[in-house]
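*Asks:* Spelled out, the chains give:
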Amino acid sequence: MQFRFLPAIVRRLRFLAERCPLMRNLTVFGVLVFALLVFPGFVGGEEATNIFESPTPPQPAGELDRIVFTKLEQLGIKPILCSDAVFVRRLYLDMLGKLPTSDEVREFLADQSPDKRTRLVDRLMERREFVDYWAMKWGDTLRIKAEIPVNLWPNGARAFHRFVWASLASNKPYDQFVREMLTASGSNFRVGAVNFYRAVQDRSPAGIASMVTLTLMGVRTDHWPKERLDGMAVFFSQIAYKPTSEWKEEVVFWDPWGLRLVPTNFVPGRDTPGTVRPKPTDEVISPAPPPVSHEPLVGVFPDGTKVTIPPDRDPREVFAEWLIRPDNPWFTKCIVNRVWAWIMGRGIIHEPDDIRDDNPPSNPELLAYLEKEMIQSGYNLRHLYRIILTSQTYQFSSIPHNSSPEALANFASYLPRRLEAEVLIDAINDITGTSDLYTSAIPEPFTYMPRDVSAVSLADGSIISPFLTLFGRSARATGAFNERSNKPTPSQWLHMLNSSAIYSKLASGPKLTALFRSGRPIPEIVDELYVTILSRTPTPEELQSCREYIEKSRSRPEAMVDVAWALINSPEFLYRH
Amino acid sequence: MVKEDRLTEIRVPRREVLRHGVYGAGGVLLGSGFTKSIVAQETASPATPNIEPKAKSVIQIFLWGGMSHNDTWDPKPGAGRDYLGEFTEVIDTNVPGIQLSALFPKLAKQADKFSLIRSMTHGNNGHETAAYIMQTGHLPGERLAYPSIGAVFAYFKGKDYKGIIPPYVVLTRSPGRFSEEGFLGPNYKAFATGGDPNATRFEVEGVVARGITDDRQKARRELLDKLNTFGRLVVEHPEIALAEESKRTAYELILGPGREVFDLSKEDPKLRDAYGRHTFGQCCLVARRLVEAGVPYIVINYPGGWDTHSNHFATMRRQCPQLDEGLAMLLQDLHDRGLLETTLVWCTGEFGRTPKVSWEPPWNGGRHHHGNVFTVLVAGGGFKGGRVIGASDEVGAAVKERPVYPVDLLGTIYALGGIDFRAKLPHPEGLDAPVLPEPSDRVKSAGLLTELIA
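The listed protein sequences correspond, in order, to chains B and X.
Number 577 marks the last residue of the first sequence (my numbering); no jumps.
Number 454 marks the last residue of the second sequence (my numbering); no jumps.
Since the hints were made in silico from the structure, they are not lab data.
The hints are all genuine.
Only pairs whose alpha carbons sit at most 30 Å apart, straight line, appear in this in silico DSSO-like list of lysine-lysine:
1) B:Lys78 <-> B:Lys116
2) X:Lys424 <-> B:Lys487
3) X:Lys109 <-> X:Lys54
4) B:Lys552 <-> X:Lys218
Covered stretches of chain B, as calculated for chain X (at least 3 residues, CB under 8 Å):
5) 135-149
6) 414-425
7) 470-480
8) 485-495
9) 542-550
10) 558-569
With the C-beta cut set under 10 Å, the calculated list includes, among others, these residues of chain B facing chain X:
11) Asp202
12) Arg220
13) Asp222
14) Pro400
15) Ser403
16) Ala441
17) Ser500
18) Thr539
19) Ser553
20) Leu574
21) Tyr575
22) His577
Source: prediction; values computed, not measured.
C-beta: ideal position from N, C-alpha, C; glycine also.
Chain B with its partners taken away, still in its complex shape (with noise of 0.2 Å):
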């Protein structure tokens, strides 16, 4: 087993001697630090074979851990945990959205309590930044979008979204918050979770109802039969939005009478009362007369049940009970894998909202016991991410040692995935200290937000930047999970490579031009930009080409900013990994 060192030993003692040099800058403490934080192998015996890597080999930390790992020895895959700075990058974006700073990275790599890693993650759970970057996914995922195709309009958007923060902040329970948003009625303005009717482009009837499969059961309905969407379409065939005399403001109500279609209940600023816009393909639908029917409606259930309504029931209040409970086959299924997939980058069914017969979970087992702690835990969202974050399967390598399908579907390694618009252009700007302007030209006057604003806290998909639209940002109009686009692109490495918005941040961004004239020695100034940038500190080779480029340089000050400007187009700062 020890062989398996041998190289690598001979390696470190080649770096060692190169660095030599190097050393007299350093006081003989920073010496033992800097050896301690590189190589923390050298004093305990043990070495990873990169930087990125554990040595310790994978304990199952719990029942989660128990069946991944069954499944991987069944595949013949010995999974490898990633090493602490790593965890310590993946854990602050996917939890916060934004990078650890240089400090928060140092205290935990200095940390040498066997469960920092846990305790991390209860402590990022308390932060504001938490709440903020799973508003944006839910923003994402529920459409919260002022402008065009939904049409949330801003007032609209702010309290959907003030709805949702609030909810996630107070780890609402989730069928809770289901509950709230599909029984909602009231103002737009001022009961935010109405504006989960007004979030589709298609408000027909059938259109709610396909949102509300995509939305909370994960399921699309392009390939349904007519009759199985119509027979749920009915629950949703009794809301009506009226407006009133501000501006964009709508009610959202209950209508078993069929108010909404009297041709005379007209409302200024609104074309129509209670408008339905009818899709491209649909009839278009006669105003009047009003058809106001004492039959009882018959809803069918997407399990096929049927089901009468009471005329003193809101059906939405029938469907709510229906889908709202353990024993409901997707809503609970739903959830989880979406977090799931949120986390991990990929649903244990997959994609995260195309749950249907033929496309089996990669993982049954897994599946039902996330499914299980959500259950028993009250429908505690935090409870699942922390069994999910807490897991050693969340810790794996993002280095894939083996490249199968399976090893894929099956999470044997974390996988890499691009920062998405919205975090990427945060931590640039934490890094350099700068900020970016977000505006929207809808309405007029135009939106302008604040400066210390991050991205990721945007509460409309309509207030935008240019960066943010060149890097993908979710379009907000159809909430399917693919809907965001993190492929890369040539326009967008002209950008990180070569714009002048970029390169105004990196060579005039309050924070690093203070590092870069601090007079502090180059190791140390490129130490410092690792930590800052990369999370962790440099390998003796990096530091070496990074000291030969800034001395052979004309210009120091210049080529300091060539440094952090070449980590921040590496794809380990560009991926979460």
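Chain B is already provided as a structure; the job is to place chain X on it using the hints.
*Replies:* Showing chain X alone in chain B's frame:
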């Protein structure tokens, strides 16, 4: 009334609802009944004439905000002050019988090179929705947004296009109110140059960087490779490999000859003067250089805007001469270089503006959104010059003859560009997604512009 509104997807402009609190200020609704009345006989599917694809490149000049047609290319000298406002004069052009507003003396001398469509109509009065309709031909409100005509050109033409500059370029900023790439995804997003071609140095965002020498570019690229410790370990990861590939493409543009296209110092200063020493004029010049470089689709998103609810006449006095100068010189220059035959130019906003002037506060002489009828200028690439087709009524409120709908205009441009507008686009959910929608009672069509085909 209600039914008609739905049919034509008319929406009341927000601002008017906000400030008037009433439905239908100005001429917003004037045309909806009319539009409907002509639907029945005009719904036949467009003919499929043999249009010879002549356009190798397209330059779209987008007059964001919506330029008044009355005050520019569809003047109504006899309509009275309520309609004319401050611009009462018209001038003759070099084509007998065609007159323009006196704000366009230079364009008037090029009238033999372009044609005017004075009966463009779609009836939509929202900026974003109208811009979407004018650039996709599809009605808004479908689950996934269709790509704009530029993205479609990039999709079809990009396959054979070997240039270094991206196939779909916007000078200088994207309008940005809808995702022009639609469901085609980020690879078909327009490349927005940023910068200002009228500045001493046209700094094309990402291509021509301020103060970075080639030596430094190369040195830091080497540094980037050296420091790529993590990247080397995950190089086989498909997503990282894809990122490396697109980075190489970007570097071809950063270090290759492509950037010279944006270097206007290579142009004769006299020619630069003739285009007009303002951002729009120099954009036109860059567009010509992009055409020479073979770029299939170029958008000049008009710097500034035409959304003149108030301060209308002053804005027009300021902007029209620049539009006149740049556009006229572009046509002249393309013609002189023998490029007009193969370069299609089209120029319009997302709609026109209300023919009747709002003299009352807070507008104090303003014009509002008017999608019911407006004017489009087309030239080159197979379009005849010196023609006017269609007509608006005596005040410019509604179509009087030969309506032209978005699918008619876009269909003709596609045909001249050699793109089959019935071809299917790759829809991410596998749905049937033709380039242009089939005409129906919602998607109206009055036939391709065969009368303008040379």
